[in-house]
Structures are given as structure tokens and as C-alpha cells.
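Read top to bottom, the protein sequences are chains A and B.
Residues 14 to 172 (our numbering) make up the first sequence, in order.
Residues 3 to 185 (our numbering) make up the second sequence, in order.
Just so you know, these hints were derived from the structure itself, not from any lab.
Using N, Cα and C, we set each Cβ at its ideal position, and we do this for glycine too.
Where hints are given, some of them may not hold.
Derived DSS-like pairs (lysine-lysine); straight-line CA-CA distance at most 27 Å [stated by the list, open to error]: (1) B:Lys40 <-> A:Lys120; (2) B:Lys181 <-> B:Lys168; (3) B:Lys143 <-> A:Lys148; (4) B:Lys104 <-> A:Lys148; (5) A:Lys146 <-> B:Lys143; (6) A:Lys73 <-> B:Lys40; (7) B:Lys52 <-> B:Lys104; (8) B:Lys148 <-> B:Lys40; (9) B:Lys143 <-> A:Lys50; (10) A:Lys120 <-> A:Lys91; (11) B:Lys40 <-> A:Lys50; (12) A:Lys50 <-> B:Lys102; (13) B:Lys143 <-> B:Lys181; (14) B:Lys40 <-> B:Lys102; (15) B:Lys143 <-> B:Lys52; (16) B:Lys148 <-> A:Lys50; (17) A:Lys146 <-> B:Lys40; (18) B:Lys148 <-> B:Lys104; (19) B:Lys104 <-> B:Lys181; (20) B:Lys156 <-> B:Lys52; (21) A:Lys50 <-> B:Lys168; (22) B:Lys143 <-> B:Lys168; (23) A:Lys143 <-> B:Lys181; (24) A:Lys120 <-> B:Lys143.
To give an idea of the chain A side of the interface with chain B (calculated C-beta under 8 Å), a few residues [said to hold, decoys possible]: (25) Phe40; (26) Gln44; (27) Val63; (28) Val125.
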Amino acid sequence: LHAMNTVVAQLQRRFQDYLVSLYQQGFLDNQFTELRKLQDEGTPDFVAEVVSLFFDDCSKLINSMSRSLERPENVDFKQVDSGVHQLKGSSSSVGARRVKNVCISFKECCDVQNREGCLRCLQQVDYEYKMLKTKLQDLFNLEQQIVQAGGAIPQVNIN
Amino acid sequence: MADVMRPEKLDMSNDTSSLGSPELLHVLAVDDSIVDRKFIERLLRVSSCKVTVVDSATRALQYLGLDGNHSSVGFEDLKINLIMTDYSMPGMTGYELMKKIKESSAFREIPVVIMSSENILPRIDRCLEEGAEDFLLKPVKLADVKRLRDSLLKADEMAFKNIMHKRELQANDIYSQLKRAKI
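For reference, chain B alone in the conformation it holds in the complex (with noise of 0.2 Å):
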């Protein structure tokens, strides 16, 4: 039996990050399909990302700087928070667009999820081998974004919590010196 319920409204309140400006999350998402791309983007539009949405790996190169064709010159600024990309595209797969990723200084440090419609284990493992922060099934769902999310901005918190801690260890030290020093 179905029901029938109201439409809730979506939540699209932007998140602040714990950084304390009221960044969004922004994803560049790769892929070669014309129906995931416009359905990806939507996903992550609906959990407070922007989002910067390419139809291959070898465009994400060059709107990452990566291509080539530039120096690094003008994409230090460039603020990307997560890579998702689909696993199997012509040309360079986004196992391929990975290891690019992680090869360059500039970008290694950006969380890199694989999306595949394929559950092969080997290529899982690969992938996770090659450091990619997660493997999702596709289709993706909701709910798989959202934990994503989550764990980066927690990821972000506890980067946040770990500078103040430190901060503060800093500050008692020189304290205790200040006292010993009876100034």
C-alpha cells in the first residue's frame, strides 16, 4: 500500500564549516554520462555543495591545472574540498584521473571518491590501495553523500580542534616559562 504525504521542503540551509566562515562544500564531479552528470549534481546541490560538474577526466585535468598546459600559476586559489568521479570513462579512467590527482602537490591532499555501477572487489581494492577516500556503487544515493559530508566536515572539526589544542599546549608553555622566568 502507498500513502500519500506532503512534500517536505529540501533542506538547502548552508552549512558553516567549523572553521568558523560559512564555506560550502565544493565537489568537482566527473563523469561521462550525461544522466549521471545532471543527477550527481542535483545530489550534491541538495546537500548544501557546490558544485563543479565535468563530462571527463581529461577536462578535470584542465580545470584543475593539471593538463599540462599550465604552471600552477592561478590554481593555488582554487578551493576543491572533494573529487568524485565515475570509475569507467573513455580515455582516462577516474582510476587513471586519480592517480594524476595524487602525483601533483597541489591537489593530493583532496579527498578522492570512485563512483562504479560495477561491485568488483578487485577494483575496489585497487582503488582503496591507490588512496581513494571511499568507493561508492552506483547509483549513488543521498544518503551516501550525506555521510561523506559529514565525515569530511568532521574531518575538518577534528584539523580545527587538533590546531587549538595545539595552541593551547603552546600558550601554557610559554606561561609556565613566564613564570619560572618571574616576569
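Isolated chain A, as found in the complex (with noise of 0.2 Å):
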């Protein structure tokens, strides 16, 4: 039994210092606090299932901007606004603070109809959504580790 604990800690303790270094790097802010505090024993897949749908909501505006910059001669600057707009949005709902950084500087090159600099601002969110997910992805695991020796998931406070 005591070597079963020692195991739940040392997950929890990996599960914590890989959490607050996720913050530390930036990839997440407050807001990724907030999520967790809507899970719990009963609904323990919230922040999973939030943040998969997220994903999903990345890709398909990332595609559906390409396109729309594919074009030189004919770019529709306004459905990319709008895409960002989203992406800005929900990036902001989940707390992935990179891609939501990301957005703010796509979002002025939208404003002044510059066109390489929208494509490097899609590349760049492309990088950093695929980026967060193998990171949450990982965490994730640690979680499913942790339950599945028996421990309990921490409350992490990130000051």
C-alpha cells in the first residue's frame, strides 16, 4: 500500500511541476484555470472534451482561411477577419494563450489587407494549436496515469 502511494505521488507531483510549466512557457493562461474548476469526479472529460472541440474549431478555420488566401489576386480579407475573429475567440475561452496572441497580430494584418503577413500569422497559429495539443494531450495522459493508480487529480493554484 505504501509503495502504491509513493507511485499516486510522484504522478501527481510529475502531473503538477508539467502543468505550471505549461503556464510558465505560456502556452496557457487564467483562463485554462477556470476550465479546470468546471471539472470533477462526475464529469471528469470536461476539459478534454472543451479543448478537442477547440482543436477541431482550429483546423477547420485554418483551412477555410488558406483558402481564402490562397489567391493573390483575390483574397477575402473579410471571411479571414472573421475566421480570426473566431479563432480569437475561442482561443480566449480556453485559456491557449499563444494561438490567442497569435490572433491579435493576424488580426492587424487583416486590418491593412497584407497579405503575407496573413499567411505567415496562419502558419504561425497552424504551429502553435498543434503545438498545445500534443502538450494537453501529454497532461492528459498524466491524468489518465494518475486515476488509474488510484490517485486523485490536484488543484493546481498557479500564482
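Fit chain to chain and form the complex, with the hints in mind.
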């Protein structure tokens, strides 16, 4: 039983450290903390479900914006602006800080109809959401391991 | 530094309204973003509300029977205590939705809260002038919902107290009349 407790404690420690590092490296902000607050033993998959919807949203929006930016002589900046707005909104709602910050630059490029700038931002937003997706997958895997070892998911306070 | 705390079980107790029956606040939430819909739904459930979520102003009007395709028959029993709508939505905005709700005799008394990711003062003013109960900046916090809920339940309680006070006054009045008539 003692050995089991050590395993759980170690996993909890790893989870906590990893989560803190994600905040420290700017991947996540306080809104992610708010999301975690809404999750409990009765709804253990809530955060994973919300971020999954977010990543699907990212993929869809990036594809449609990419199409709009494709032909230099015929860019639909209105559509791109709409996509950026949506992306900024949903990234803000889940606490995806880096994605949200790219969206701010992205909007500026859109406002001045800078196609090259938009393409750069599009590439960056694609990179950032995929990076975050990988990081959060690792986090959820750690959560899973804790639960399987019979432990509870720590409530981590970020100061 | 981060502290590790035990996770606390969320309070899912049903509140009883002061009117005596254990009714949950029924909230109609309107948002075109699937992420925000999932988020607001959970936020409201955690705050002991019954939630109906729709993805557009048009669907909200359909739900309320205000889309012109129905008479008001059948919709009087629809008990909505609060409508929370996103401002920027394709097609009809949350602002336009609110105006339509305020125009209807059936639903104009229902508080409407507007949510927006943009902190634009003229927009906020316009919404409040048009009768919005509140304007919330997204992302909405648990504390925002709690504050809303508390103020709505308090308004309920105030209305209840006013009714009781009025009855008391009426009872006193009748009593005085009876006394004077020496019955």
C-alpha cells in the first residue's frame, strides 16, 4: 500500500510540474484554470472535451482561411477577419494563450490587408495549436495514469 | 510556486426559490461558437441552472415561438428565467435578438444578458440602453454567473416580499373595516 501511495504521489508531482510549466512557458493562461474548476469527479472529461472541440475548430478555421488567402489577386479579407475573430474568441475561452496572441497579430495584418503577413500568421497559428494539442495530450495522459493508479487529480494553484 | 490541494466537489445542490418550490433557474444560452456553448452550458450547470443552448439568434426565436411561424399558443408555459446571448453572431446579432425579445409581450420581462469578447463602450451603452440586464466580457467567469444568479433570485425574493407585504396591508385594512363595522 505504501508503494502504491508513492507511485500516486510521484505521478501527481509530475502532473503538477508539467501543468505549471505550461503556464510558465505561456501556453496556457488563467482561463484554463477556470476550465479546470468546472471539472469534477462526475465530469472528469470536461476539459478534454472542450479543448478537443477547440482543436477541431482551429483545424476547420485554418483550412477555410487558407483557402481565402490562396489566390493573391482574390483574397477575401472579410472571411479571413471573421475566421481570426472566431479563433481569437475560442482560444480565449479555453486559455490557449499563444494561439490567442498570434490571433492579435493576425487581425492587424488582416486590417491592413497584408496577405503575406496573414500567411505568416496562419502558419504560426497552425504551429501553435498543434503544439498545444501535443502538450495537452501529454497532460491528459498523466491525468489518466494518476486515476488508474487510484489517485486524485491535484487542484493546482498558479500564482 | 504552486500548491497542490485536494479537488473539491462542486456544489450541485438545487436552490429553492423563495416562492417555495424547488425550481431551478432556466437559462437560454445563445452562441454561435461550439467551444463557448460547451463552456457556458457547463458554467450554468455548475451554478445549479437548467440550461438550453442554441447556436443562433434564429434558433432562439424558434425556441421561444417568436419566429413568426407560431401563434403564442403553447409557449406561455415555457419558463425561461434568463437569456444569455453572445453579441457577435452571423445573421442576427445578440443585440437584435434582444430587441425582438423586448418587443414581445410574452418574454419582454425576461432579463437578457449580452456577452462579448470585445470591450467596446458604445456597444455596451447601446445594449444597456436597450434594456440588457447586464453586459459580460468573455470569457465569462463562474463569479459572473453566480452574481447574476444571486441578483435574479434576490429580485424574486423582493417581488415575493412585496406581494406578502401587500397582502398584509390588505388584511389589516379589512380587519380595520370589520372593527369599525363592529362585527
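(message) Hint compliance check: list the failing hint numbers for this structure, sorted ascending.
(response) 4, 12, 13, 19, 21, 22, 23, 25, 28
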